[in-house]
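Engineer: Starting from the known structure of chain A, fit chain B onto it as the hints suggest.
Heads up: the sequence lines are chains A and B, in that order. First residue of the first sequence? That's 1 in this note's numbering, and the numbers climb one at a time after it. First residue of the second sequence? That's 470 in this note's numbering, and the numbers climb one at a time after it.
If you are wondering where the hints come from, they were derived from the structure by calculation, not from laboratory data. All clues given are correct.
Covered, in the sense of this in silico footprint (three residues per stretch, anywhere, with C-beta under 8 Å from a C-beta of chain B), are these stretches of chain A: (1) 325-331; (2) 352-361.
Cut-off 27 Å, straight-line C-alpha distance, at most; resulting in silico cross-link-like pairs (BS3-like, lysine-lysine): (3) A:K443 to B:K970; (4) B:K593 to B:K574; (5) B:K574 to A:K243; (6) B:K895 to A:K443; (7) A:K76 to A:K296; (8) B:K883 to B:K970; (9) A:K76 to A:K243; (10) A:K296 to B:K574; (11) A:K76 to B:K574; (12) A:K243 to A:K296; (13) B:K970 to B:K895; (14) A:K2 to B:K495; (15) A:K76 to A:K2; (16) B:K883 to B:K677.
Values in this document were obtained by computation on a predicted structure and should not be read as measured data. In this text, a Cβ means the ideal position worked out from N, Cα and C, and glycines have one as well.
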Amino acid sequence: MKEYQTITEISGPLVHVETDEPIGYNEIVEIETGDGETRRGQVLDSSSDHVAIQVFEGTEGIDMDSSVRFLGETMKMPVTEDLLGRVLDGSGNPIDGGPDIVPDERRDIVGAAINPYSREYPEDFIQTGVSAIDGMNTLVRGQKLPIFSGSGLPHNDLALQIARQASVPEEEAGEDEDTEFAVIFGAMGITAEEANEFMDDFERTGALERSVVFMNLADDPAVERTVTPRLALTTAEYLAFDKGYHVLVILTDMTNYCEALREIGAAREEVPGRRGYPGYMYTDLAQLYERAGRIKGQEGSITQIPILTMPSDDITHPIPDLTGYITEGQILVDRDLNSQGIQPPIDPLPSLSRLMDDGIGEGLTRGDHGGVSDQLYAAYAQGEDLRDLVNIVGREALSERDNKYLDFAERFEEEFVQQGYGTDRDIDETLDIGWDLLSMLPKEELNRIDEENIAEYYREDVEAEVAAD
Amino acid sequence: MSQATDTTVREDGVIESVSGPVVTAKDLDAKMNDVVYVGEEGLMGEVIEIEGDITTIQVYEETSAVAPGEPVEGTGSPLSVDLGPGMLDSIYDGVQRPLDVLEDKMGSAFLDRGVDAPGIDLEKTWEFTPEVEEGDEVEAGDIVGSVPETPSIDHKVMVPPDYEGGEVVAIESGNFNVEETVAELDNGEEIQMRQEWPVRSARPTEDKQTPTEPLTSGQRILDGLFPLAKGGTAAIPGPFGSGKTVTQQSLAKFADADIVVYIGCGERGNEMTEVIDDFPDLPDPQTGNALMARTCLIANTSNMPVAARESCVYTGITIAEHYRDMGYDVALMADSTSRWAEAMREISSRLEEMPGEEGYPAYLAARLSQFYERAGYFDNINGTEGSISAIGAVSPPGGDFSEPVTQNTLRIVKTFWALDSDLAEKRHFPAIDWNDSYSLYRDQLDPWFVENVAEDWPEQRQWAIDILDEDGELQEVVQLVGKDALPEDQQLTLEVARFIKEAWLQQNALHDVDRYCPPEKTYRILGAIRTFNDEAIDALDAGVPIEEITGIDAAPQLNRIGTTPDDEVDEFVDDLESDIADQLRSLY
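Isolated chain A, as found in the complex (with noise of 0.2 Å):
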């Protein structure tokens, strides 16, 4: 171990030391202050006589005269199938009181990226048991779908709703019925609040014995927070390589990481990207998201839900904006809807589900899936179009036909979004919601289905109802 007493200058969350001996890119440090106290940190540029460490817990208290050891090693997670059920911090450290932990393998937290010809393409359908999800934006086991929600959103009741209610529908999970289901709650930054939200939820349901949690509250240290995804999602593909779990990992709030990434780039001087952060937050993003995923030959999966809270609800903000160019779609919380008291408020129109098509339709969930899903966007965007009209000429200079697309648009959001966050929809009900709303139009409107679906499905009764109205 080499220990120097040789710090040069202190900048926010960086230190700059002056070395004699060679020391490697991204190595762990530890730095023991004036009281006794030891922070950890990491090197992010090394060159032969100095390097710049940026430290986690905050430079403070540190000065000239600390000391500071270099552990010859990049950082690393212990990771055992004992972690589950167990609450660290943002660091990696329990909390809970529990039992200290006792590795069966230290991991490198920065991970490799998967080779794309070793993946397995993710397809199989996860019944998270919310319609606008499963209906129209089909979450699929190895995806990364984020919620882009807003501040003072109900985003943590919508991410718990498919914790809890995410399943694998009977019929399917056939051959693999006894690989394991586990949670990683990654948490960067949120109040102590939400985190009791989140802990008591998983404590009342049963959840924390097949959960790790990782908590960096909003008073820890912010340069933490770029540590604390990679431990998590280091655990998770443990968890899911290793030991065959379909592991379910929620990021909240990438902002807050993002955030942190900002402050170390001005620390250092870099020139800035778009709003301030960095050149290099595309590729940072990307090596959190991509270790979602499947491989083949092997029985586990991690499928991601990281939550962001868009600034001012503002969607090409960078942070959603390098977001939405890596992940596979976007759940959408609008704060309309939310107002209007729609449980959950989900957007559907802005929202996607880039492998949707692929985990739908006949025998995977049903053969007028694809076709309803796109009937049930087309109409509600015409009806959403029309809304504004409205309120210029009002309803009686629409046609009929418009007026049709209108009451829909009304009932899709009180009928097919609105369900309450303690409902547990299983995908045959979605879909006979959907027919009920998409028969509310004459037959002919229905151009994305497929006539033998139309055939199968449309209920004549209800068209008529309407018309008769």
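Structural biologist: Here is chain B on its own, set in the frame of chain A:
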């Protein structure tokens, strides 16, 4: 990356500093763009700056734990690719390491560091058939023979462009591996199937021609409104979720090119997996063989090292040029060039270069134009003609087209397919905005369409454009006063425009039939809509109310032509057109 040559090992240097993918070394004797091996693990890198005794290197692999003081070894040769049979049906990373071989060598699904593999299999033998005889004179670039590379493609064995050429003194057919000599020249030059070429320089050609033949894509909006030429360049910009990748993949599947080079540059891992899974099973619409038999994939996903992302477009286009030299039409897709530009930006900022617009390096525009200039319809040095059509996806931040990568790309490319998030939200796919998109090849391609598809192709297209323009203007009025306030003839225009959008411009990439639409069918669908338009105008003139006209049973059938199998289309459309005429005429 080319492994096979023995390169003289130069004087080694030592690492001076490490910052992410950028490493500096002291006392290394190397030229610009030389390949070097960095550190104890021998990570591959490339020299990008030399200043005094300090050499700056971009490393193609992850640099965690690499420390100053470790050795750097020069190879003395620039970053090159191996060219030869075996590139098709392959999947490479950004420096031409075959990913399937890496999986074997690493024994893991995760990409390890410091493992290398040649771009083409050096052991495999191919059946060589000479195309020249002993005594023939050959020059640089000339074809001396061929090997059946895949069921679709004969790989031509050529005299390397940097050879002098001369009289063939020995050549015979038989099975050879790629390193064995298949032909000898009187000046002592030996020709193997394998060539090596530095990725950053274009392979030589004789001349560039003006393209006159379309690269038909089977996508109605592209062939019908914004066609791309063989040898042309196109950009597809769009915000996330607007369908860039689906459009690129449709082109890779259905474009009538001989060879497809698909570069996944900084994109999603699962997307590449989808291509790897799908292409071996999908038939090539031209030959009926598996699509992979004409495809070379380059996958450098977003979480793979950023420096290799910078090089992957060059690797791809060099491979494309090799097939062009054989006289093939090559289509190259780069998804996405923005990630490539960002890789340049990332490296540039680590070099502490003075940034240009939005932090991109000042040479962004120059690099983009160099890349697109390597596309074109060429007279090759061996007398054949070949083309490279380059199609680059662009991912503008926030979907804002005014950003530097989109703008600099638009200054170069001649076809612009603008993707629109509003259309995507309405599930109007392909979400290509017909108002903003353009193709500067339209006029030079019209003679081909007139000769091969239909005489009134240009005129019918213009009719569709006029209707869509008028629709755009009317929609603004409708937003204010509602549709029913418009005169009946304008209401009809709206209705016809709706059919153009729903039945013609929209195309379902997931439907077995609709995903590929030959130009003839593209023409027939639009023709049927036009028939409806013309008959409806007559009916309106005769005093039939608009509701009755749009309410005829036959009208919604227009939306079903797209999903009608190709061999039934003519009959279906003939019947439909006469139904439309009968039903409308019966109203007056």
